[in-house]
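Protein chains in written order, with our numbering: chain F, 642 to 958; chain D, 97 to 422; chain U, 35 to 323.
Just so you know, these hints were derived from the structure itself, not from any lab. All C-beta atoms, glycine included, are put in the ideal place defined by N, C-alpha and C. Among the clues, some could well be false.
Said to hold, decoys possible - Listed below are the simulated EDC-like cross-link pairs for lysine to aspartate or glutamate, each with C-alpha atoms no more than 20 angstroms apart in a straight line: (1) U:K232 with F:D747; (2) U:K223 with F:D747; (3) F:K907 with D:D296; (4) U:K211 with F:D734; (5) U:K223 with F:D723; (6) F:K907 with D:D292; (7) F:K758 with F:E770; (8) U:K223 with F:D760; (9) F:K754 with U:D226.
Claimed, not checked - Simulated restraints on C-beta separations: (10) F:E837 with U:F160: 50 to 60 angstroms; (11) F:G908 with U:I133: 52 to 62 angstroms; (12) U:L172 with D:Q251: 41 to 51 angstroms; (13) U:L70 with D:E167: 52 to 62 angstroms; (14) D:K380 with F:F707: 57 to 67 angstroms; (15) U:I141 with F:G878: 53 to 63 angstroms; (16) U:I141 with F:K757: 18 to 28 angstroms; (17) F:G908 with U:A205: 29 to 39 angstroms; (18) D:Q342 with F:K836: 32 to 42 angstroms; (19) U:Y149 with F:E941: 41 to 51 angstroms; (20) D:S392 with F:R643: 49 to 59 angstroms; (21) F:G776 with U:L70: 45 to 55 angstroms; (22) U:V163 with F:G660: 30 to 40 angstroms.
Claimed, not checked - Facing chain U, according to a computed beta carbon distance under 8 angstroms, are these residues of chain F, among others: (23) L696; (24) R725; (25) I730; (26) F732; (27) S738; (28) D740; (29) P741; (30) E751; (31) P752; (32) I755; (33) Y783; (34) R801.
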Amino acid sequence: MREILRAEHLKKYFATPFGPLHAVDDVTFSIKEGSTLGVVGESGCGKSTLGRTILQLHEPTDGKIFFREQEITGCNKSEWKDLRDEMQIIFQDPMSSLDPRMAVWDIIEEPLKIQKKMDKAQRAAKVKELMDTVGIARRIQYSYPHELDGGRRQRVGIARALALDPKFIVCDEPVSALDVSIQAQIINLLMDLQKEKGLSYMFITHDLSVVKYISNEIMVMYLGQVVEKAPSDELFGNPIHPYTKALLSAIPVPDVHIHRERIVLKGEITSPVNPKPGCRLAARCQYATERCSTPQQIVEVSPNHFVSCCRVNELWQ
Amino acid sequence: MAETSFLEVKNLVVEYTSDKQVIHAVNNASFSLKRGETLGLVGETGAGKTTIAKTILRILPDKAAKIKAGEIFFEGEDLLSISEEKMRTIRGNESAMIFQDPMTALNPTMKVGVQISEAILLHNNCSKQEGKKRAEEMLEKVGIPGQRFNDYPHQFSGGMKQRVVIAMALACNPVLLLSDEPTTALDVTIQAQVLDMMKDLKTEMETSMIMITHDLGIVAEVCDTVAVCYAGEIVEYGSVVEIFDQPMHPYTIGLFGSLPDMNGGRARLTPIKGMMPDPTNLPKGCFFQDRCPYASDECRKKHPDLNNAGGTHTVRCIRKGDEQNA
Amino acid sequence: MKKEEKSEKRRSQFSIVLERLARNKGAMAGLIIMILILIVVLFGEHMTPYSYFHQDYMAMFEFPSKDHLLGTDSLGRDILSRLLYGARFSLIVSVGSVIFSAVIGGILGAIAGYYGGVVDTVVMRFLDVYQSIPGLVLCMALSVVFGSGVYTTMLALGITGIGGYARILRAQVLQVKGNEYIEAARAAKAGDLHIILKHIIPNAISPVIVSMTMGVGSGIIAIASLGFVGLGIPTHLPEWGAMLSDGRSYMGTYPYMVLAPGCCIILTVLAFNLFGDGLRDALDPRLKD
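Excised from the complex, chain F in its bound form (with noise of 0.2 angstroms):
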């Protein structure tokens, strides 16, 4: 399979009073066309400003970033223009990701508009599809997103997303706000899109059980940093980071006769601002030493199985 987007040692450093907050710090990994990356990691981990940075919505302060195999970083915006068409979002909330202003159909149409390609008949046409493909019944499309449920709400996100016909598509928490039996509906339908028109997703979440169902491949990030990365089964089967670890036995099971043992993290997230050189799960880890406060290296430990530990020799075993 092709590879659709690249991202080489990608970093975006926010500036603030106290020193720069390192939302995405040093970030690599690749996604195969039609195929999902998930990125999974806890509020504050800099996931959805990785994928706002992809989408250059914020310019990068280091790293490339190639769209079939195209540096869309550091060049001439005009002239990744169209390839941008290919690149679209969907968001968590679809309350605030809808203008409260337009109707149904305004919002699915104006990415056409600005697009400037197709004329109006073109356009009507196209957004009949669009409702058609996600599910939006004819009755409602002059109607505004406060009359919408969630449901129907995140439907016209998608709808949007999907009026350039991209081939790229970040979610970022799309079926987080809401509830699970329309979560399940719309994780169905994402899915379908995926397989009819061959997306490729990268599918930001906290959820790892919603996580684990939609993508072929997972990186869990910390505070900025990617700690681990592998193809979805490996990583649940197999994982070997002490914050994967936790994060997965974390999780509240729906099964009452399981009774796992849960690694329990101490204390809190620290701050992204300044952080000091080193794993940066070192103050909340159990396994920490002093090798741990040196600069960590990513290192494959098994086909497609990256981990950033330095111990992780010691603890694979």
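Since the structure of chain F is provided, determine the placement of chains D and U on it from the hints.
Just chains D and U now, with coordinates in the frame of chain F:
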């Protein structure tokens, strides 16, 4: 554990009125809670879970909400008929509620310690020093060093704030704790810490708890009994084991089907089709009829009763009743 | 559901707002009064029984009678005629000044809010300095430079209002800017101008519109107080505020001179405020139908 139930909700009906429309928020809900037990109220947004909890504490908005019928017995007294004054002592001393968003439950301009000790002083006859000492103890109990008594809410992270809120709720040793999605706003690892802590405190202080949540994983972990809410009524009720091992109501089955299986592969999810009915315009017959794969003509005509399905397990579905009889 | 059936038809934001406005009794009452006032502004001079400057020294301080429906003033001028003719000055000046300050202030506020950073600092500090000059002093300075007159008054009042509108719009823009639909538009390659015109302004403008309708009311009062200190519109013109201050000295013995323009001012302010209130509710898309 005393066998008599010390909280009993019977046939509760609550309605909201807005713009001349009547919203049927809670329709004929009944359940009971024993001492030291935890009941999980499960359901989706708008199922009436929070309204039930607020009705128990009588903190519904006065104008819009109306308790149409029902009784709530708390230690033998009907909470819906006692005076407001008496209710206030119950609210402070014997029961407490934890809300989803810890940010709004704390006053940003007051030291957290002072907020906790204020709750203690309000409901106990003790000196200021004693109040402060007990507040520090409570902070320690929820895993926050007592020295942080003088810190302000913004100096705490989300998880810590929720701990402070819990400390505040538990400060007066309530016998009944209502928690409304207490961990939804928290990260998983922090959620795990808070849930562990709540479980420990519950056994230590013998508190009974009503846990409102939409997360079946949390229910499996902390609850003893479960009530599944749908469109303002309880559609399935029983012990955790009964419900998780043998869910019977099509809605409950649908909820389980909507969850990605952590141990299984990428089989397609089986969501519940459609949406919850409009609470201003509930259908005749079963409220779940439009989304139910088994709905028959009878479901559209008659509203089902709660049928016994063995043990403490009850289901509001005509099919299950038939199966049990057959 | 009823809600959805309605949405099968295309309803523009404008028609939704009108529909909601029409259901608001207060706003409608305000609108009717506003229309009446508008008619007076446009055709007032043809409706007057006398000319506004016609002085009749035989009939000074007359009580309302068949000849003079609202009586006459200290120079024997017909009060009704003056009121009808004067409406245009009060209204044109206050509406004009409000539009002036809202447009200039709005542009400044939108730019400051949208671009933020240095631009924001520069614009806002400038407004700080400029707003620290008392409005009355500014008006006096302007009338010294341009001489007093209708347009000077309009300009003076307009300039003093800029800061307020800039701040309102800036705060709104900052809030709207944080919404994800702005990012969504940017992901669809929308330019700054498109985002500002299509998303930011429509969502940020309603407090400005409301404060404009209210501003018209306070503008009329401001003109009156300017006239009071001898600035503003030349006194021979029958501006309502000037009429009010003329009548002040005779209030005890002859209240009609104060009562008539006073009622007109109150009625106009009330009409604009009622309408503004209704408009605010109608403009909020999240409020229930």
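Now for the hints, and whether the structure bears them out:
1. U:K232 with F:D747: Between U:K232 and F:D747 the Cα gap is close to 11 angstroms, so the pair holds against 20 angstroms.
2. U:K223 with F:D747: holds (16 angstroms)
3. F:K907 with D:D296: holds (17 angstroms)
4. U:K211 with F:D734: With a Cα-Cα distance of about 15 angstroms, the restraint between U:K211 and F:D734 holds, given a limit of 20 angstroms.
5. U:K223 with F:D723: The hint holds at about 10 angstroms.
6. F:K907 with D:D292: holds (13 angstroms)
7. F:K758 with F:E770: Holds, because 17 angstroms separates the two Cα atoms, which is no more than 20 angstroms.
8. U:K223 with F:D760: Given pair U:K223, F:D760 holds - Cα atoms ~18 angstroms apart, limit 20 angstroms.
9. F:K754 with U:D226: Holds - the C-alpha atoms of U:D226 and F:K754 are around 15 angstroms apart, at most 20 angstroms.
10. F:E837 with U:F160: 50 to 60 angstroms: holds (55 angstroms)
11. F:G908 with U:I133: 52 to 62 angstroms: holds (58 angstroms)
12. U:L172 with D:Q251: 41 to 51 angstroms: Taking Cβ atoms as reference, U:L172 and D:Q251 lie about 45 angstroms apart, which means the hint holds.
13. U:L70 with D:E167: 52 to 62 angstroms: About 60 angstroms separates the Cβ atoms of U:L70 and D:E167, which means 52 to 62 angstroms holds.
14. D:K380 with F:F707: 57 to 67 angstroms: Hint holds: Cβ distance 60 angstroms, inside 57 to 67 angstroms.
15. U:I141 with F:G878: 53 to 63 angstroms: holds (60 angstroms)
16. U:I141 with F:K757: 18 to 28 angstroms: holds (27 angstroms)
17. F:G908 with U:A205: 29 to 39 angstroms: holds (38 angstroms)
18. D:Q342 with F:K836: 32 to 42 angstroms: holds (34 angstroms)
19. U:Y149 with F:E941: 41 to 51 angstroms: holds (45 angstroms)
20. D:S392 with F:R643: 49 to 59 angstroms: At 52 angstroms between Cβs, range holds.
21. F:G776 with U:L70: 45 to 55 angstroms: holds (52 angstroms)
22. U:V163 with F:G660: 30 to 40 angstroms: holds (33 angstroms)
23. L696: holds (6 angstroms)
24. R725: holds (6 angstroms)
25. I730: holds (5 angstroms)
26. F732: holds (5 angstroms)
27. S738: holds (4 angstroms)
28. D740: Holds: closest Cβ of chain U sits about 4 angstroms from F:D740, inside 8 angstroms.
29. P741: Cβ of F:P741 sits 5 angstroms from chain U, so the hint holds.
30. E751: For F:E751, the interface hint holds, since the closest Cβ of chain U sits about 6 angstroms away, which is under 8 angstroms.
31. P752: holds (4 angstroms)
32. I755: holds (5 angstroms)
33. Y783: holds (5 angstroms)
34. R801: Holds - the Cβ of F:R801 comes within 8 angstroms of chain U, reaching about 7 angstroms at its closest.
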